[in-house]
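Let chain S serve as the given structure and place chains F and V on it in line with the hints.
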Amino acid sequence: MNNKSVRTQFAKQFSFFMAIPAFVWVFICFYIPLLTIIARSLLTRSPGEIIPHFTPDYYAQLFELKYFHVIWRSLLLAFGTSVSCLLIGYPVAYFLARKARSAKNILLFFLMLPFAVNLLVQAYAWFFVLGKSGLINQALMMLGLISDPLNILNTPVAVYIGMIYCYVPFMIMPLYAVLEKLDQRFVEASFDLGADWFKTMWRVVLPLSMPGIVTGFFLVFIPVFGEFVIPNLLGGNKQMFVGSLISFYFLITRNLAVGSAFTCLSGIIVLTAAVFTYWRLKKLWA
Amino acid sequence: METKSIKLEHVKKNYRDEEVFQDLNLFIPGGKFFAILGPSGSGKTTLLRLIAGFEKPDTGRIYLGNQDITDLSIFERRVNTVFQNYALFPHLNVFENVAYALTIRNVPKDEIADRVAQALKMVHLEKLMYRPINQLSGGQQQRIALARAVINRPDVLLLDEPLAALDLKLRERMLIELIELQDALGSTFVYITHDQSEALTVSDSMAIMNSEGEIAQVGTPKSIYEFPASSFVAKFVGTTNMFKGTLRVDENGERIVIDTLGDFAVVAPKDKSWVYDKAPALMSLRPEKIEISKQPIEGFANHIAGTVKNIVYQGSSTRYLIEAGDYVIHVFEQNEEHFPTEVIDYDDTVNLYWQKENVVILER
Amino acid sequence: MNVRSFFSAYGLRMWVSAFFLFLYIPIVVLVIFSFNESPTLYQWGGFSTHWYAELFQSAEVWQALRNSLYVASFATFLSVTMSLLLVYFGSNLRRFFPLFYGSLVIPEVVLAVGLLGFFSLFTVMLGFSTLIVGHTLLGLGYAVPIVSSRYDELEKHLTEASLDLGASYVQTFFRIILPLLVPALVAAAILVFVISLDDFMIAFFCAGGTTQTLPLYIFSVVRAGGSPMLNALSTVLLCFGSMLIMLIAALRMRKIFMFGS
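Residue numbers (my numbering), protein chains in the order written: chain S, 91 to 376; chain F, 5 to 368; chain V, 11 to 271.
The shape of chain S in the complex, shown without the other chains (with noise of 0.2 Å):
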């Protein structure tokens, strides 16, 4: 073999090699920490002890009542947000995706800019219209409906109108991909057949934009299922959610152990019911 074919063999093997940092840094940085969390939740070393050994003790704490509610809470919002944020947003969606035309770029723009603000800061922005001396309230004593302000701040419904708030852009996007595509014959063929603006709704739209729903669906429900920033400044801590719970157990109480078997435990419910929703999606409308 002369110089050259050994060089550009080198070179093919050298070309390998530069595709693996990647691989290499997702293994350590997401597999491996995984791992570690199940790996925690279920092994423990007694005194003396060099190899760990396994226990289900970790979990046996869980299976108290407190965390079946805290688990319940948060499935419930996740998927009471979802829902909603559906509601909500296919509509827009479909305005933004079919209806408006001149003023589609301009609209889309404004969708898109509270979501380039940190979600953070979406939350404070909430303070102003919810608190005691909020738009609200204020707006209800000017006009005389009520005579104390009332108590939004610090409670699950401002957590929850302030989940749809901040997810509400994640289900409109994927819908709104999945309905600017959306070949407009389908829809004429439908009316042409005899479907008035219902039946071609349900019977052909809705179905057609499944992709969307689902990818928007899955966008929103396991971020929030796991949210805490949003009940913690807006709901003011008040209620335990899964995401808090866990915070709590791994910065403040360093209970490493039963923190880890808690996210296992809350992750394993999470996908076993995302998959279960896919599934009756699918079911319904495929």
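Treat the hints with care, since some could be wrong.
[What the hints assert, rightly or not] Here's a subset of chain V near chain S, in silico, CB distances under 10 Å, partners left out: (1) Leu-75; (2) Ser-93; (3) Gly-100; (4) Leu-103; (5) Val-231.
Please keep in mind that the hints were generated in silico from the structure rather than gathered at the bench.
From the three backbone atoms N, C-alpha and C, an ideal C-beta is built for every residue, glycine too.
Just chains F and V now, kept in the frame of chain S:
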């Protein structure tokens, strides 16, 4: 000339768990226009990629002239390719695309300008020098791809179904231009196609591949058309009538006995092991070799009578489908006269005549 | 017209208008109160820009901003470079690419505690490096699909054509592939940069006590009840956000940012 020939010896190649070539041997003469014809999936593109260097053979050697290029990388071979979809660089304009092979070798700027102008002149597109690629039509893109590939005067130019995306008239014109280009350059052109009329038109010699990745026959277009080596070749190139029968060989010559049709005088190849009395054989008879007439004609060695089942008028010629025995026979007649003396119509009884030298006897 | 056709004609428009109102009322109020003379929240004292002056003089804010930019730059550089190398050199490994999307699928809090647990296991000091590591991981999850889908759009044979004409792999990379991938690289870089700047979750768990990023600063101020200076900061961030979106629109990269199906 011989430095530009291509030889593949005992090439074995598996591609994604499928065996494409088991033991491929092929010699492509230098400085000529060579076509490789075959159905889709016959491996002709893989063959091209082996020559270009995009794939390496599992075993076997490849030679360019006397040089063993099997281990050479793509950019070291003096072989250039024109891709089926042209693969023009979208972010470079016409000039930059054509000049690419020179730019990367740091050829001085004025030399590049000269040679690009020359190359574009060869493909008659000197006016489009600074056009962006996305503004070119299909035919123009194709010619730019050509110019780009020949600017460095490679020893071998590989063309992968280059005319597939063009319409008929454009294709016909490009075929002629390709022949002229090859003549002017003197490089070996290797032209891959599944269109047999293209292959027959452009090539000095050609190879036919079957769907198993084997070379069925190599030869000039005429020898392949007139003397196919197998029924696959006979059927793939052009149309033919294929009959199954039994050979009768005796001191008077050869005959073939075909069920439901009769026996006919033939000329069989002399020194073949499968040619003997009572051997099974196939007879290939091309439609244009048959004379069709309602009146009897003297002087032909073979004759059948049949009924006209179908007539397809094609302007300069007419094709007839004649039912005889268990067979439907294709006949091709040129429309030589404005007012034909004899009018053949549906369901007429007609006579088919042919000479014994005009058939090909095949083993399989 | 009757009620029903009124609704069908205008219902959609009313809904969308109500929606945008919902979207913007909080923001508008926020911005207005950034000009509030009075230091007490919610009480309008008059128009003033002195909170902005205070903002620009706040060392804490500048430090947090600096830290955030520092981390974001590194994370962007690392993740975009790695995904470029991955997509170009590992194109025959592409069936493993979904491995990178895991960080997008699980809740971010799980990712953050995972990293925290991992760092504590190896007693790594929490600070800039741990933040950069986490943000790069996040960034990979976004950069890889963007770059890889753009790479897939490229005509399959461009690399081969370049090699065929005599260019080496290196020349091919710099003359053909890289120029054609630049739009995707820029889009990915912008996205990752913004995500890193805005990220709260990973910073909260992995930054340690000493390093403060802008989101962490904001969080602490909101927790304390908020301040008009925060309104000013928010307004400034809003302006930058809109400039960013206009930049993206100008570069016609809207398609890449819309999460497809």
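Structure-based check of all given hints:
Taking 10 Å as the C-beta cut-off, the interface hint given for Leu-75 (chain V) is violated, the closest approach to chain S being about 13 Å. Nearest Cβ of chain S to the Cβ of Ser-93 (chain V): about 6 Å, under the 10 Å cut. The hint holds. For the restraint placing Gly-100 (chain V) at the interface with chain S, the shortest Cβ-Cβ distance is roughly 3 Å, inside the 10 Å limit, so the hint holds. Checking Leu-103 (chain V) against chain S by beta carbon gives a least distance of about 6 Å; that is within 10 Å, so the hint holds.
For Val-231 (chain V), the interface hint holds, the least distance from its beta-carbon to any beta-carbon of chain S being 8 Å, beneath 10 Å.
The earlier numbered hint that this structure contradicts is number 1, and it is the only one.
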